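*Asks:* Residue numbers (my numbering), protein chains in the order written: chain A, 16 to 431; chain B, 488 to 768; chain C, 56 to 352.
Restricting the straight-line Cα-Cα distance to at most 16 Å, the calculated cross-link-like pairs of lysine to aspartate or glutamate (EDC-like) are:
id	chain 1	residue 1	chain 2	residue 2
1	C	Lys285	B	Glu613
2	A	Lys411	A	Asp250
3	A	Lys91	B	Asp712
4	A	Lys91	B	Asp630
5	A	Lys406	C	Glu123
6	C	Lys204	A	Glu202
7	A	Lys420	C	Asp121
8	B	Lys557	A	Glu82
9	A	Lys91	B	Glu613
10	B	Lys755	C	Glu239
11	C	Lys68	B	Asp662
12	B	Lys684	C	Glu239
13	B	Lys595	C	Glu66
It is worth saying that the hints were derived from the structure and are not from the lab.
Please read these numbers as outputs of a predicted model, since none were measured by experiment.
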Amino acid sequence: MKKLSVLLLIVIMAITCVFATGDNEKTATVKQLDFFWWSDGQEGVAMQALIDEYEQMHSDIKINLIEVPFADVQNKIMMSVAGGEAPALTRTTEGISNQLYEAFVDFGEYTDGEALKSHFVSSIESYYVKNDKIISVPSDVTANGLIVNKTMFDKAGVTLPSGPDDIWTWDEFKKALIKVKAANNLEYAIAIDNASHRWSTILYEFGGSFANKNGGNFTSDNSIRCIEYTKALADEGLFNASTWITFEDAGILFRSQLVAAQICGTWCLEPYHNNITEFEWCATYMPVDVKRSSTPGGKQFAVLQDSGVEQEAVDFVLWATEKEQNQRYCEQSLFVSPRLDCAELKYPYRSSDFAVFANELANTGNEGAFDWGYPGLSAAFGVDVTYDFPKVLSGKMTVMDFAEKINKDINDFMGK
Amino acid sequence: MTISPVLKRQRRKVSFSVYLLLTVLGLFYLFPIIWVFLSSFKGYIELFEYPPKFLPKSFYPINYIESFVKGDWVRYFTNTFLVTAVSTLICVVISEMGGYAFAKYNFKGRNFLFILFISTLMLPLEVLMIPIFIVIKKVGMYDSLWGLIIPSAATPFGIFLIRQFYLSIPNEYIDSARIDGAHEWQIFLRIMVPLGKSIMACLAIFSALWRWNDYLWPLLVIRNDNNYTLQLALANFSGQYNIQWQTIIAMMVLSMLPLLIIFLFFQKQIVDGMAMSGLKG
Amino acid sequence: MKKKISIYPTEQKVFPYLLILPNFLIFTIFIIIPFCYGIVMSFTNWKGIGAINFTGIENYIRIFSDSEYWDSIFRTLKYALIYLPIAIIVPLFFATQLVKKIRFRGIYRTLFFWPSMISPIVIGISFRFIFGNSTGCINYLVQILGFSKLNLMTSNAGAIFVLILASVWCGTGGTMIIFMSGLENISTVYYEAAEIDGATSRKKFFYITLPLLKPTMFLVFITGIITVFKTFALTMQLTQGGPGDATKYVVQNIYDTAFSKAQLGYACTQSLILTLIIATFTVFQFKINKGGAINDN
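Just chain A, same shape as in the assembly (with noise of 0.2 Å):
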């Protein structure tokens, strides 16, 4: 018996010296790059059409896609760079680039920065250009907005916005809720994602912001008012803000039917196309108080520094984002595309839903970029608002100790 399992023993270390070296074939002249990435829904699967298609024209290419966990993409890039095995490219959002822009290559120096700035929509430029260097480049766009259970809503007998000069406000909006909630026997009547970017929709619509290029401007009138108003949401019975207390999902409540209303963005189309079965359900305009807005969002491709292949990462980033294969890319992948000259792309389904978005994202003003962009900012006052927010809502916290809070960590850390 003794014999028998140090036998095993060496057979299993055997087989872990194996397997354990790992697929080390790396011949001279095929150059391997390393992708970093993460996947929501179907655009791993159209990345690796664009890889296949340009592995095939530059056979001295290899491109791998390595699926990195989004919670960890930051950390996991910070270690590789510190430990010199940064991955050549990286998917991105702005608030990864955020921290990491300092490692990120400078596409302004391998190519015609302004011509490159030209072609896509303005509102994101804080978002790829950090510090007067293009340090990565857009591949798609995500905009915020409100999808509602339109069957509740037809319930209650409250139409919808009919188009961009239909608008309703704040106020309007509000009175609607307290028909679907009434009419549908609903305990709350919407859900928003989260404290942070997703309510701060509301905060750009209600003309205030969390930063400016002056310092804070989160004790603004217009910032107190809306954190006022969404409080009021909550205590009146229509905002869920258990969603925020204990961070449960949203779109679970929303597809649960649990609520009627939800403040989110065009990732949700997919999915919930693809699973909500049991009512209709459409994206409709959001309302307005002093002005419309949305937030930008939306993921970009860089380039990490000292990875000895930053030349040709930068051409396939270039090629990728062209509009042929950005075209392809959105498409595939249920995107809205950041390019000026991909406005109007073809989507399998929910085009009008699309199209409701798109208008949101040309109306927005530049404050979204601003907090969402500006250099290293969303660190500095995301986790204060995550975990501070829900106690004003709870009452544990006054309004104004609250923004005075956050427009303090605001100012620290631009020095004002």
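Since the structure of chain A is provided, determine the placement of chains B and C on it from the hints.
*Replies:* Quick look at chains B and C alone, frame taken from chain A:
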């Protein structure tokens, strides 16, 4: 193995109320597990529908089938198994050695080293990710399964566990063996190790559990898809906006099976593997 | 007590060092060296990327007035005070019953251990299924019965309750088998002698079992404290620190500082201070408990 009269009497003394309590608590413990198991048969919408339903619409294993094509699961399971097996083996061996040393020898620096070991249990490793990565890279274990096996084999918990066990073994064993002229290594291998079978089995369970479910080390060490372990692969199903719960739950259910087998094997060793004859003499 | 009675005195001196060598080697390379890096990082304001700027003892001065940090430490302490007794007594109870030859003990042992095998992400979602505010089954059942919703997860006490429930649920198994191992190690000789003296099972428990379980108890207590202070994965899945920051314990605070606020250098300072606190406590416990050793009797 004959049951001593003491134990026989103890058996009769376990009252009905204890059985009842154990059963009721057992059911509480079971409930979430059953939910997880049943949920592995539910589709995406079904998982979170309201009003909540306990039973799935059908027991057709669609999640398992669909998930299987989404990744090289055989590879991931194999990697996880290899890492777990070898790391547990090394962990038990070196902890046994270290724990015995701390318990039965009074060497210079003993207390300081022990406190140092234990205090580092306290370190939030996440913060040290970057330095650990640099070290792993420098010793050449980057993107290799050895990087998962070796570093986590030296766990302070292991030494602590073994040490406490040997503290309760009387020193007479060692003293009498020394008088008889035995070498230290002979005392260790021939007397102490056999005595420690049950505690080593206990450690083996912990080590296997931790290595199997480990996420932080694979995240740090592994780059290539070939070397992915189960938890690392599953984490990729948590996207930025969507978490593919069906795949995660289905694969978690599958991954519980090997762990269960490991547990069933070793727990017998803990309780039924004690040779107490020496002490009675 | 430590008489040198070996006829190989050099061997006796050298052997322990050989024994701890493998552990010590791995430990030094993979833990101590990064730890030293960490100490150096704690004197900088490094973000994890870009230039490293040394800021001297600025971080250490800052930490003394960091009310959020100290709040999170006291919060963790309070949580430990409630959690630890439960986390020791429950497994001890199971262990004492399940080492006896009762029927179905194998099944019970497996049942109580099984939750330890489940990863936090699945624990989080299954407990949210039960206790979730809007979509949980408890609230659903309560509402069907006509009562108003239990706001468990939205209240501080409720969230802590759910967290303790989940932690005990998945932590019992491990502690249980440690106790089982410790109990098995107690020679039946002691029990037989007590039987002859006519001791009741209660007397046996308190005068034989518990004292002889001291080394094990010491281990469980110390590792229990450490585990509580490191409660991170489960809280992140269950409450994410909510409601507000009622369940935001110290490791989450450090993690947020490091990665969400991009202050890796300061987070290292926080980690160091935390380690120092725990180490001091451990040394203190070590001294008063003599390292968990049982005195010769």
